[in-house]
Amino acid sequence: MTEGTGSGDGSSTEGEQVTYLEAIRQALWEEMKTDDRVFILGEDVGNYGGAFKITEGFLEEFGDDRIIDTPISESAIVGAAIGAAQMGLRPVAEMQFIDFIAPAFDMLVNFAAKVRYRTGEGAGLVVRGPCGAGARSGPFHSQNVESYFANVAGLKMVAPATVRDAKGLLRSAIRDPDPVLYFEHKHLYRRIKGELPTGEEVEVPLGEARTHREGSDLTVITYGSMVHKAAEAADRLAEEDGVELEVLDLRTLRPLDAGAMVESVKRTNRALVAHEAPGFGGFAGEITAQLNEEAFEWLDAPVRRVTAIDTPVPYSPPLEDYHLPQVEDLATAARWLLSY
Amino acid sequence: MTEGTGSGDGSSTEGEQVTYLEAIRQALWEEMKTDDRVFILGEDVGNYGGAFKITEGFLEEFGDDRIIDTPISESAIVGAAIGAAQMGLRPVAEMQFIDFIAPAFDMLVNFAAKVRYRTGEGAGLVVRGPCGAGARSGPFHSQNVESYFANVAGLKMVAPATVRDAKGLLRSAIRDPDPVLYFEHKHLYRRIKGELPTGEEVEVPLGEARTHREGSDLTVITYGSMVHKAAEAADRLAEEDGVELEVLDLRTLRPLDAGAMVESVKRTNRALVAHEAPGFGGFAGEITAQLNEEAFEWLDAPVRRVTAIDTPVPYSPPLEDYHLPQVEDLATAARWLLSY
Amino acid sequence: MSTLSATQLRELYRYLYLTRALEERFENLFKQGQIVGGLYRSLGQEATAVGSAYALGEEDWVAPSIRDLGAILVRGVEPRLMLRQYMARDNPMTGGRDNTTHFTVPELGILGPISPLGTQISVLNGVALAFRVRSEDRVCLAYQGDGASRTGAHHEGMNFAAVQDLPMVAVLEHNRWAFSTPSDAEAAVEDWTDVAAAYDVPVEQVDGNHVLEVYDATRRAVGRARDGGGMQLVVAETYRMLGHAQHDDQEYVPGEELEAWRERDPLDRYEAYLDETGVADGERRREIRDDVEAGLDEAVQEALDTPRPEPSDAGSRVWADEDGPRVPWTRRSPVGYDDAPADVPPAARETGGEET
Amino acid sequence: MSTLSATQLRELYRYLYLTRALEERFENLFKQGQIVGGLYRSLGQEATAVGSAYALGEEDWVAPSIRDLGAILVRGVEPRLMLRQYMARDNPMTGGRDNTTHFTVPELGILGPISPLGTQISVLNGVALAFRVRSEDRVCLAYQGDGASRTGAHHEGMNFAAVQDLPMVAVLEHNRWAFSTPSDAEAAVEDWTDVAAAYDVPVEQVDGNHVLEVYDATRRAVGRARDGGGMQLVVAETYRMLGHAQHDDQEYVPGEELEAWRERDPLDRYEAYLDETGVADGERRREIRDDVEAGLDEAVQEALDTPRPEPSDAGSRVWADEDGPRVPWTRRSPVGYDDAPADVPPAARETGGEET
Ligand SMILES: Cc1ncc(C[n+]2csc(CCOP(=O)(O)OP(=O)(O)O)c2C)c(N)n1
Ligand SMILES: Cc1ncc(C[n+]2csc(CCOP(=O)(O)OP(=O)(O)O)c2C)c(N)n1
Ligand SMILES: [Mg+2]
Ligand SMILES: [Mg+2]
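Residue numbers (numbering that gives the first Met the number 0), protein chains in the order written: chain C, 0 to 339; chain X, 0 to 339; chain U, 0 to 355; chain B, 0 to 355.
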């Protein structure tokens with residue numbers, strides 16, 4: 000799969016075709032090169048170069064003060080990131096799988112998120128890790144955890160869908176003065192490629208959505224790997240039904256670019272919200288609520304959701320496939336909304 | 000404040016006037032008396048009788064095999080509850096404040112919630128604790144944590160607003176074969192009183208909402224302590240504007256009684272969703288999404304939210320009051336919706 | 000030394016060999032794409048899992064880690080079921096919903112782990128509390144890797160068990176690595192038995208590659224726990240002979256270290272013992288191995304013949320009181336779709352939004 | 000013994016007395032309803048907080064717990080600011096957003112705790128990492144109660160500091176209670192220095208009610224940490240002389256125990272020392288106390304005169320890059336409300352939903 004189904008990713012500069020994983024690696028490498036306050040800590044990030052080899056070669060380049068292999072202690076990892084951030088460093092903590100953010104929940108929700116509000120001293124740190132399903136990895140290596148943090152004031156959250164955004168958002172996350180959770184979708188690591196400008200910085204600010212594909216009949220609002228499924232559904236409907244879906248890639252979940260959602264839905268008058276996490280209590284609720292509040296009069300049909308079903312992520316392939324929202328579901332839902 | 004502003008609480012049997020706190024105590028006591036599989040574990044629950052004295056006298060009655068004072072180890076507390084539940088016991092784990100559920104997040108989300116799905120062996124346990132703000136207790140003794148768990152398949156969540164429900168829902172929670180989070184609002188502990196039948200069981204099944212106050216012009220959908228603020232706003236609007244708000248108390252958040260919400264909104268054609276937690280990413284999103292999906296055609300106005308503002312809960316009284324949703328906000332929002 | 004009968008000593012051999020042979024089948028199946036997701040082997044550590052589990056009574060409970068296939072087999076889970084489990088086929092333990100050793104079998108006293116490390120002791124503490132409240136004479140045994148023992152969850156579990164004097168044996172598998180991290184980067188201690196002091200619990204260190212020593216030490220610990228001695232720690236000194244999982248070529252491991260530990264292979268050593276004592280000579284052992292392999296041939300075939308679960312099974316069993324699989328909105332039958340718009344008749348608006 | 004000058008010894012007395020006197024003011028103000036929420040005192044433990052903090056250099060960092068007012072005062076936070084903080088008045092540390100000792104003052108090397116217990120060491124580990132990467136010669140000191148040390152977070156923090164050999168001193172305040180739970184129900188150890196073995200870190204036990212002993216032991220530990228000796232543990236044996244917080248009448252505490260510890264009151268003992276050594280006689284001490292009290296009179300008045308924060312302040316400072324307070328929808332000006340319906344002109348629908 001290569002990017003650029005739509006027009007929104009548009010890097011005009013000539014560059015190299017790189018993977019999503021490589022884009023993450025580049026962002027880390029370049030930020031570490033240009034800013035010696037940036038450092039990485041996590042399990043197996045040094046010696047091994049990270050479970051997905053994102054930090055391969057970093058230890059040799061930056062030394063073990065800046066690439067820190069930690070014990071299996073997610074709470075201590077995030078704790079150390081907080082303290083270092085408060086000293087002006089820019090820590091990037093890796094969770095080997097984002098599922099393992101759970102033992103660090105208290106540190107994130109109660110310490111990192113609230114520390115600026117409480118004391119005026121913020122903690123500009125990044126916690127990143129592979130999220131998402133599709134790799135037949137079972138209930139504990141497949142989760143999407145954004146909803147756990149959606150209601151937590153003080154946190155930011157990003158979920159890049161493209162190579163360019165993977166790099167640009169990570170760069171912005173590292174430079175951000177507040178705690179940012181960066182969810183990279185493991186299914187995209189080596190599956191998508193895109194062009195990155197060489198010798199020039201990729202700028203993707205936090206808090207701005209991106210139109211992945213333009214359309215006039217219905218807006219699919221989504222993020223992460225679902226952007227690609229949405230684009231596929233859009234292509235299919237264009238071909239088979241002659242309708243044009245707009246695909247809006249939120250990119251940042253906190254703060255949310257409500258303006259972009261509302262602008263698009265005011266044009267298309269129909270919205271479908273999609274994410275890979277289960278529906279009940281998922282992030283789609285917030286999106287639906289905001290559309291309701293800001294674009295109610297423009298809606299010609301209810302806002303509807305296409306998500307995973309309300310279960311853990313099962314392991315066996317037929318189960319996992321059934322659990323996850325598929326292109327087919329998006330197509331069905333879009334047709335339902337269009338015929339409404 | 001006494002209950003029964005509306006008609007829905009209607010305990011017909013003559014009984015004693017007891018506090019919300021006493022109702023919780025009674026439920027625990029009676030369940031322990033009638034079922035020797037029930038036991039309690041938590042910090043200071045034995046010797047001291049719990050930080051809020053809910054289990055005062057329990058240690059003497061039931062002994063230290065069934066009232067277990069634990070170290071400060073929320074993860075171990077929930078872990079032990081899981082194991083005991085899998086052996087057929089019915090553990091009730093107390094979090095001294097519900098905020099301290101955060102260190103047990105992994106145990107709840109990854110172990111308790113998923114264990115039946117994964118292995119067929121469920122864990123019927125209760126985790127209960129005081130939630131909510133208004134006591135000038137600052138950011139860590141005031142949170143409402145339901146949103147952290149809203150997207151987690153396998154968990155149930157209840158948030159009683161009345162004395163009767165406090166008792167009845169806790170009883171159902173203890174008897175339930177799956178993990179239930181029971182959020183008791185500390186501001187209600189000694190502030191509300193209600194009648195409880197004597198010598199007869201209070202039956203409040205999980206998963207059923209309750210009409211706290213009947214009305215025809217607008218449905219306020221809420222839970223926990225906000226039920227009382229909503230009822231106050233309703234009274235005020237009845238008096239001042241001659242309109243009748245219906246107040247729907249969800250009581251159980253997972254599973255959610257969508258039928259009751261939809262039925263009410265189809266009658267009133269307007270919905271206001273209220274909760275004490277901040278708005279962004281909060282539980283109101285799910286409610287709004289479901290109303291959208293199930294009652295869109297009946298909505299004469301957008302579904303709107305009244306919630307706390309998107310910050311931690313601040314300590315100083317003027318700040319906390321500003322942070323929290325007030326009766327005034329509900330009245331304003333209701334008027335806005337009614338004039339829409 | 001152990002007081003095991005010749006039959007039991009041969010049974011131990013059978014379990015050791017079965018563990019290794021079954022894992023070799025797994026590896027082949029993995030290479031054939033029959034096992035998806037992660038595959039973690041316990042090569043070189045079989046004696047720790049088998050010897051310790053063998054020291055338990057039938058009524059006791061165990062919480063394995065990913066490298067404790069041997070313990071699971073000793074508890075009585077059939078290889079054919081393990082194959083179906085590892086191959087994501089339908090099976091009674093998980094129905095394909097989870098992988099590896101992640102399952103619970105109450106009848107066999109097995110409480111399955113989850114992936115986030117460190118939870119085993121805490122959850123078994125609850126099992127032990129149940130034993131206590133029922134005045135049952137049973138013991139729990141929790142396995143934990145050296146790396147996993149650094150988690151907060153593990154610490155809280157150990158501390159809780161120690162304070163509550165629960166009948167708990169923790170077997171710490173000191174296999175020198177936690178993925179690519181050497182155990183001296185996991186903890187500052189040189190001697191891992193030092194951990195015990197912080198909880199004031201008795202500890203024994205044991206050669207984890209010597210099945211009878213593991214058996215003996217665990218048996219003593221289990222005995223103390225059963226007799227009211229509270230929480231016990233056994234530190235098994237062993238070594239992870241392969242990478243963390245199939246994808247890990249273990250490049251970071253010093254060759255000499257690996258070589259030295261290869262000399263201490265638990266099967267080789269036990270075979271030497273069986274030779275020396277005459278409990279099972281080469282011929283006898285070959286019979287056992289042949290028997291195991293024949294069984295595995297059949298088991299693999301059964302697993303290959305077992306279908307994967309039905310897709311819609313994915314929607315069931317989240318709660319006990321569900322009626323059946325919940326069908327996503329977009330996967331209703333075509334009739335359902337066509338019906339849907341009719342669910343919301345604009346006419347209803349005319350009559351003031353009454354319910355229809 | 001300590002090499003403190005007479006001036007320093009008198010300063011120590013001042014801090015001990017100030018800590019106690021300030022807390023007495025707090026208690027009065029609490030009874031007057033001027034302090035809302037919880038109030039936690041450190042009566043009887045003042046020497047532990049003051050003596051240990053006094054052993055740090057100006058450039059060092061400290062993470063207090065709720066009973067470490069003494070340490071905060073030694074670090075240089077003014078009593079008048081503490082009063083404003085405890086009374087939920089506007090103040091530079093928190094602006095009234097959080098209570099008690101929950102604040103951070105980088106200029107004074109104070110990193111404030113959060114309520115969920117056990118996080119201090121972990122967060123200070125990050126501070127220590129910053130020292131290391133900048134080749135700075137600075138040390139961190141974390142306070143933790145005996146109860147708090149049972150949390151997973153604390154264990155992970157200790158382990159991390161030990162493995163990384165960070166310049167960290169942990170002061171474990173073994174005050175016999177964690178709320179109503181006696182410390183022997185928190186951990187199985189009798190001697191809390193045993194905890195150190197699990198992390199292979201040097202440990203000293205010290206009479207926590209003897210300010211100079213605390214100072215000396217901490218100074219040694221800080222020195223070792225500064226010289227590259229890595230993580231250090233100091234176990235201060237002390238006692239919580241009042242209930243957990245104001246609402247707790249401490250009924251569960253054995254009277255004799257309390258009586259025995261009253262004999263060891265840290266202020267009384269230090270006064271005896273000052274008498275013996277002639278460093279500060281009764282007269283001199285009274286001068287110090289009078290001075291402290293006079294300062295507190297003024298400080299209390301200032302705090303009472305300081306307004307509580309503006310309500311709408313509650314909406315600001317969640318993120319660094321916010322423009323200002325975010326106003327809830329229902330709290331817009333009346334104009335805003337009236338405007339709102341006009342935001343969504345039904346006319347827009349006619350023209351096909353174009354943006355307006
Ligand atoms: C909380 C948590 N963090 C990280 C991981 C990823 N992980 C899986 S196994 C492993 C290494 C485990 O090492 P150890 O406990 O020593 O067991 P061993 O593999 O040596 O048997 C890691 C880091 C995890 N499963 N859980
Ligand atoms: C994670 C967590 N659980 C529970 C509490 C509630 N709590 C506050 S202080 C306290 C007792 C603390 O005891 P200790 O650490 O010994 O400190 P001390 O009060 O003796 O100074 C408890 C249980 C908390 N703050 N955090
Ligand atoms: Mg290991
Ligand atoms: Mg204490």
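Don't read these hints as lab results, they were simulated from the structure.
Quick reminder that beta carbons are idealized off the backbone N, C-alpha and C, glycines included.
The reader is advised that the hints may include incorrect statements.
[To be verified] Which residues of chain X face chain C? A few of them, derived with a C-beta cut under 8 Å, are:
id	residue
1	Pro102
2	Gly133
3	Ala134
4	Phe139
5	Gly153
6	Lys192
7	Val302
8	Arg303
9	Pro311
10	Gln325
11	Val326
Outcome of the hint check:
no. : hint   : in the structure
1   : Pro102 : 5 Å, holds
2   : Gly133 : 18 Å, violated
3   : Ala134 : 17 Å, violated
4   : Phe139 : 6 Å, holds
5   : Gly153 : 7 Å, holds
6   : Lys192 : 31 Å, violated
7   : Val302 : 5 Å, holds
8   : Arg303 : 6 Å, holds
9   : Pro311 : 4 Å, holds
10  : Gln325 : 19 Å, violated
11  : Val326 : 21 Å, violated
Of the numbered hints listed earlier, those contradicted by the structure are 2, 3, 6, 10 and 11.
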